[in-house]
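The primary structure of each chain is shown beneath.
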Amino acid sequence: MLYSSPLGSAEAALQFHSFDAGYVASLCAGDRRTQDHFVGYFTELLQVKLRSRLQSLHAIEDVRQETFARVLTVLRKDGGLRQPERLGAFVNTVCNHVLFEQYRSSSRSESLDAEGRPELPALGADALDIVVARQIKDKVREILLDLAPRDRSLLKAVFLDERDRDEVCREFGVDRQYLRVLLHRAKQEFKAEYVKRIGNQVPLAANA
Amino acid sequence: MAAERYLLDELTPDAREAFEEHLFDCPECALDLRAGAAFVDEAKAQLPEIMATLPAAARAPTGRPKVKRNHWLAWWRPAFAAPAFAALLIVLGYQNLVTFPTLRTAANQPRLVPLAPLHGATRGASHLAVTADRKHGVALPVNLPLEPGIANYISYSIDLYDPQGRLAWTGVVAAPGEVARGDQPLSLVIPGAMLRNGAYSVAVSGVAPHGERTVIERYVFDLLLTD
Chain L
4 MLYSSPLGSA
14 EAALQFHSFD
24 AGYVASLCAG
34 DRRTQDHFVG
44 YFTELLQVKL
54 RSRLQSLHAI
64 EDVRQETFAR
74 VLTVLRKDGG
84 LRQPERLGAF
94 VNTVCNHVLF
104 EQYRSSSRSE
114 SLDAEGRPEL
124 PALGADALDI
134 VVARQIKDKV
144 REILLDLAPR
154 DRSLLKAVFL
164 DERDRDEVCR
174 EFGVDRQYLR
184 VLLHRAKQEF
194 KAEYVKRIGN
204 QVPLAANA
Chain Y
57 MAAERYLLDE
67 LTPDAREAFE
77 EHLFDCPECA
87 LDLRAGAAFV
97 DEAKAQLPEI
107 MATLPAAARA
117 PTGRPKVKRN
127 HWLAWWRPAF
137 AAPAFAALLI
147 VLGYQNLVTF
157 PTLRTAANQP
167 RLVPLAPLHG
177 ATRGASHLAV
187 TADRKHGVAL
197 PVNLPLEPGI
207 ANYISYSIDL
217 YDPQGRLAWT
227 GVVAAPGEVA
237 RGDQPLSLVI
247 PGAMLRNGAY
257 SVAVSGVAPH
267 GERTVIERYV
277 FDLLLTD
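Top to bottom, those sequences are chains L and Y.
For the first sequence, this note's numbering gives the first residue as 4, with consecutive numbering after it.
For the second sequence, this note's numbering gives the first residue as 57, with consecutive numbering after it.
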């Protein structure tokens with residue numbers, strides 16, 4: 004196993020390092036903690052990947068669940084992966100296939116739900132998750148309030164108003180690199196808090 | 057900056073695919089992107105409230121900064137004003153203790169100025185070398201021709217041209233009375249500060265009653281500064 008024992012009081016919190024044969028074997032065997040980690044870890048990545056390709060949250064959720072279901076089915080059927088350290092790449096490949104099917108089926112309004120698929124563990128928010136979420140929220144607010152008013156407006160125009168990047172840059176008299184650096188700095192400052200609060204632990208608040 | 061480009065949707069489809077393939081395999085990059093995405097998501101949730109509650113000034117300019125600052129007032133800040141006043145005091149002190157006494161002495165006391173032999177051989181287009189120094193300058197004899205038969209001028213204009221051919225100075229003297237006969241000598245004193253190495257010329261023009269000017273004499277000389 005390449006993940007450690009539970010950290011502190013959060014029983015389900017695992018310090019993740021990398022995937023290996025033991026991890027995949029536990030996943031195939033239906034180990035609850037490994038499944039929790041697997042779902043939590045890849046949920047965030049899949050959501051980031053899918054939201055730029057799919058408009059509806061429902062479709063994103065469909066693809067995410069279908070991806071997990073197919074990965075677990077294949078793993079259990081074939082008894083693991085020949086290259087367990089490539090589990091992440093495998094999840095991505097399966098997701099691409101599911102996404103392609105989603106594109107094709109969206110016009111026919113077919114559901115991707117199917118019976119007989121492995122049931123994924125449901126993750127709910129507990130008191131600790133709520134506290135962590137509050138701290139994350141406070142940190143982001145602190146970073147936003149520390150920004151220059153113009154930079155704050157810039158982020159709003161790009162991410163909230165979703166305006167054309169070039170047009171926004173022209174209007175604010177900055178270039179694309181300025182925007183990248185602005186986001187990079189904010190992200191780096193936030194990342195310290197993020198790692199401290201969540202880091203590579205299983206994101207328990209993820210919707211599964 | 058790959059994560060930032062990804063979050064800003066700046067990657068080409070191929071680059072995006074390649075980055076995602078790496079992302080799912082690399083926990084470090086995955087963590088980086090997750091942090092960035094979490095920040096963006098939370099920022100999107102909080103920005104409307106923050107922008108609404110902040111005072112208008114802090115809420116921001118939606119474009120280039122439009123606040124025009126008066127940069128002249130910035131010079132009155134202590135950081136600029138104190139050294140500026142100190143420098144001003146030094147200049148005033150130097151002027152009062154050194155420059156003004158020197159000028160006063162020069163104005164109130166006799167001084168010797170070398171007289172260049174400009175007359176005679178230098179008339180017309182012939183050149184004469186005149187040496188001078190910047191401290192004393194040079195004095196040039198200029199004659200006003202008043203022989204009988206010359207037109208009746210009411211005044212004379214003396215024009216000094218520098219080595220670049222530009223008019224450096226002009227002086228006007230009234231014509232002598234009817235009783236005057238022969239050339240009237242004048243001294244044209246050129247201070248050292250005006251002098252440059254090169255060919256100067258002095259033109260003497262007679263000004264007729266109706267304003268017409270006629271050049272009646274021209275002196276040309278090569279000035280050589282000794283300091």
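Keep in mind that the hints are not guaranteed to be accurate.
Just the calculated beta-carbon pair ranges, DEER-fashion [as the list claims (entries may be wrong)]:
1. Y:ASP70 to L:ASP164: 25 to 31 Å
2. Y:GLU84 to L:ASN99: 20 to 26 Å
3. Y:PHE141 to L:GLY176: 35 to 41 Å
Quick caveat, the hints were computed from the structure, so don't treat them as lab data.
All C-beta atoms in this analysis are idealised placements derived from N, C-alpha and C, irrespective of residue type, glycine included.
Go through the numbered hints given earlier and state which of them the structure violates, listing their numbers in rising order.
none
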